[in-house]
Amino acid sequence: MRHWRNVAVATALGIGGFAGCALEDPSRLRDGQPEGADALPNVASPPGGDAIPGGELPDEQFPPELLEPYTGPPIDDYDDTFIGYRQLVARIVRIFADPGIGGNTTTFFASRIALLGGADFVQTFTEPRVATSDFLLGLDAVAKGACSRAAINATGPFVGLAPATAADVDAIVAQLHRRILFREATTAETNALAGLFQKLRGLGSTPTDAWAGACEALVRHPDAIFTLPPSVATASPTDARTLRLAKLTHDLVGRPPTVDEIAQFATNGTGDTPNVDAAVSHLLALPDFASDFYHRARVRTESGGTPETDEPARLWAYLATTGAPFAALLTADYTVDASFAKIARPTEHGRTGILTMPGFIKTKPGLPHYNYPARVMSEYLGQLYEVTSDVVLGRTPAASTVEPGTTCIACHGVLTPLATQRLRWKDDGTYRTHDDDGAAIDDSDRNLVADYPYKGQGMAGFAARAVKKERFLRQSFQALFLFYFGRPMRYALDERTVYLALWKKAFATGGDTRELIKILANVPSYLGK
Amino acid sequence: MNRRAFLGALGATTTISMLDWLRFFRARGVPGTSRDLGIAEAVAQTSQPRFLVYWFMEGGWDGFSMFNPVATRNDASSSSLPPLDRLYRPAGVPLVGGLYPVQQQGAIRYGHLANAGTSLFGDMAVVSSHRGRDFHSFARLEYHLGTYSAGKTAWMSAVRQPDERSVLHAFAEVHGQSRLMSHVSWHKWLSDGELAIANYPEGTGYYEKLGPAHAHTVYGGTPERMRTRLKQIAASAGSPRDAAIHAFVDDLHANFLADKNSEAVRAFASAVQVHKTFVSKGAALDIDALFTNPALRAEFGVQASDERTTARADGRSKDSPNTNVQALMAYELMTKGLSNAFWIEARDIRTFDTHLRRADAVSLGGQIDQAGRMNTNLWNPLKAFVARLKNTPIGTTGKSYFDQTTIVLCSEMGRHMGGADEDVCQHLNTSSVAFLGGAVKGNTQFGRVGTQTLDAIPILPDGSLDPGFDPTTGLPKPGTNPSPLGFVSDAGHVYATALELAGIPKNAQTGKNPKPPLAFVKKST
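Residue numbers (the numbering used here), protein chains in the order written: chain A, 59 to 587; chain B, 122 to 646.
Because the hints were derived from the structure by calculation, they are not lab data.
Any given hint could turn out to be false.
Claimed, not checked - Have a look at the derived ranges for each label pair, beta carbon to beta carbon:
no., chain 1, residue 1, chain 2, residue 2, range
1, B, ASP409, A, ILE210, 53 to 59 Å
2, B, ARG194, A, ARG453, 26 to 32 Å
3, B, GLY272, A, GLY496, 56 to 62 Å
4, A, SER349, B, LYS643, 56 to 62 Å
5, B, THR274, A, ALA399, 22 to 28 Å
6, B, THR518, A, LEU551, 42 to 48 Å
7, B, GLY272, A, ALA246, 28 to 34 Å
8, A, ALA246, B, LYS643, 53 to 59 Å
9, B, PRO222, A, PRO426, 41 to 47 Å
10, A, ASP346, B, ASP409, 35 to 41 Å
11, A, PRO365, B, GLY272, 44 to 50 Å
12, A, THR244, B, ASP409, 43 to 49 Å
Ideal placement from N, C-alpha and C gives every residue a C-beta, glycine not left out.
Starting from the given sequences, assemble the full structure and let the hints guide the process.
See below:
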């Protein structure tokens, strides 16, 4: 019955007061008015009497049908994400406190980055979204290398112990669990790991090697390779608080919690839950959050690791870490330099955010191709274009892609005018006002389609309208959902309440990404509740 | 099994004791038995090993210069025709009698893009009445999954269901169980620029984890990556100690997986199963020697640069080496008994997607000639691959690897040679496909493209042209009705035919592809 729990959390989080500002309105800011100075552009009054913020147009409002309770079957998919390369590195470094795994930690992991699926933005540009067999193979090597050194040197999880002897089995088992899995072992687990130790001894292993083997098993334990340790469901309340805190730290700052953080947020939690709001606020203020979000944004924007292709990710990370409106991803009239400082950019960009960045444009050809509009619409407004067999079979002759009544206009009603709005930006990312023949370029939407929702001059005209759309907000929320849940939000199903909470919070805070993350952290399934 | 292989498998460099040998044999089996994977003798024990290779030219080849040949003008330098009536053929190709030269060898008519492949025609069946799709990603997905998207508005982004299979999944499901990694691929479905990765979360689009775990896709990567993977497999499988730890961890994973359901868990379950296969079967071969044989590398024309991956500025990369390296790797993985299903694909993204502005076609003297990239990506490595397969016997069966292999050549679409668009090399459904292998009726061609319609002429179930159409122009014959049995083949027919040729009859083919095999392609037995 998770959907009812989500109703509850949304009710708690979406709490009425949306007396804050609207999403960034370019026209207002151009007039020099501070963000948030005005009232909302419109407040719709949906059935049920609760006022929901939104724009003036129907496609700028929260879908009224989603204000009705979800009545479908319960959806009990298990929410958890597999540990990523950076999270694994940080975890191993923390647990083993050993800068010399395999001789050199950096080299050790760099040599395995392909197997472990990390993105290094030099040779490897993307990273898998889920577990792979290669990752498990790489983890075998990590576990063996790290545990062997730790057992021999009595460091990391073995610190203070004597793994060279067969004594103190229970103590060693207990410490291995605490230091590798951040929780106590159950009686069954104690017996099982001690049994493995004895089995390895029986196969001829020395005590040190047998303990190293036990350590390896725990490094490969599900609790060690999912961001939310699955044992949270059966752990003691004390341990569950720590494990849930570990979920938050892995997701937001890419590492396990520190001793101080455990003391501060887990110990002072309630029942089996840490002090989530305080912990998230703490983590969001750390430099590690900025670097972690930047990495996610680089993967999401498909950076190639160059300063130019990193520019969209820099802006996104800047917005997320400073609380600037996330709508500025498409409407910022500034950019962000390598030190993550906000800087001015040439005026021809206008208020277009990433949309006119060379690193964004160069891989998305414009006319005669439609890659650019298709990618902008699908990535940032959630509009998919799939030319399926039915579309092919249903094609009729058309004088142009935007001829009313044809199958073409179903997609090209947006793609074509958006392509014309980008015409002043060449595929190499340079700006021009005249074409190769010397003719002035009309980069308006040319009124090609009567009901084109993003009418205006150039990409700034497009962006100004786009950021008000319901689909832009939804897709922005989906980006965060993919980051932290590893899946899309079921916005039309049981998570419509989460969607509503995010929607309200976006308006209430002027589009502060950090406040949206706080909502996600309180979604029950996120912390395995 | 030799001592060197044994050393390679163990990573040992010191003296080997009898105990070491016994441990090794206990973990991996006795040489010469079916458990001694990685050597040809083990392969030979299977009386009918099967291999399936898709060789895919991503981007859309110039079909009219390949196996849909038509003799037309090249109007690139003509100023007398209205621009929209002009046809543009590949620049630099000499015309014969003012027309693009259509050639014929044996029963196969072809354009110049196939010049370098004529030595293979005796083993090749070409289907020239064929249609791909003119939308890259959709077309590619259909060549993988078959044609069953009708009625679905979001087929690509739909979560793949348990009864769906790609053609290689379906093949590996039947023939791959004994292999260490049956299904090896060098494609990357989300590599090109038209789809946003964020819109295709885990479980959608091309999904690697269809069918049983032994059929799941393993991305081959570079030779170095494959060696690293195999070394780690050997290391992970190393000893009874490691086996005991694996067993312990397997229990932990099984307990975790018992009652959970999500795409992340589904992926983890696949990873665990594949990993389990890896470490239980091991990799008992001289891994360092893999893909390094100088003679083989010379045959496949491998240079150091071929072994690297390429990436675009947006970070999209197939993480694949050049096709000659893929083919060399496939050959070694086949003959070492490790794998039997391969998707070889042009390394660069949209290698054959040669769009061209009309003005550029004029200044160039015609279309961009794909011959060079065709030879590099297809013919040269394919000829080396086929030669090697033919010359490599399968143990003492009296058969060669080629006898037991099916190779499919295809691309997602053909290309226009003019038209109303400013782009005179737009995507065009009209295309072709070719089959090679021991079960293929060689030196045959089925169907053709009409000189006036520039579209595929329907064929009948026996492969002959539909008599309702003019066999030259492709136009319907006046007073004659098209046959109700006539059809133009598509990716679904290719899917079914590939599996049929590989020994899996239609009624035993898994997946949702509804199309029947092209029976006429199969050699009579």
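Outcome of the hint check:
Distance hint check for ASP409 of chain B and ILE210 of chain A: the Cβ-Cβ separation is about 28 Å, which falls outside the suggested range of 53 to 59 Å. Look at ARG194 of chain B against ARG453 of chain A: about 28 Å separates their beta carbons, and that is inside 26 to 32 Å. Distance hint for GLY272 of chain B and GLY496 of chain A: a CB-CB separation of about 50 Å, inconsistent with the stated range 56 to 62 Å. Evaluation of the 56 to 62 Å hint for SER349 of chain A and LYS643 of chain B yields a pass: the beta carbon distance comes to about 58 Å.
At about 45 Å, the CB distance of THR274 of chain B to ALA399 of chain A disagrees with the hint of 22 to 28 Å. Range check, THR518 of chain B to LEU551 of chain A: Cβ separation about 55 Å, and the 42 to 48 Å hint is violated. Remark: the range hint 28 to 34 Å for GLY272 of chain B to ALA246 of chain A is contradicted by a beta-carbon distance near 51 Å. Taking the beta carbon of each, ALA246 of chain A and LYS643 of chain B are about 58 Å apart, inside 53 to 59 Å as hinted.
Take PRO222 of chain B and PRO426 of chain A: their Cβ atoms lie about 30 Å apart, and the range 41 to 47 Å is violated. In this structure the hint that ASP346 of chain A and ASP409 of chain B lie 35 to 41 Å apart at CB holds, the actual value being about 40 Å. Roughly 47 Å separates the CB atoms of PRO365 of chain A and GLY272 of chain B, a value that falls within the hinted 44 to 50 Å. In this structure the hint that THR244 of chain A and ASP409 of chain B lie 43 to 49 Å apart at CB holds, the actual value being about 44 Å.
The structure fails hints 1, 3, 5, 6, 7 and 9 (numbered hints given earlier, in ascending order).
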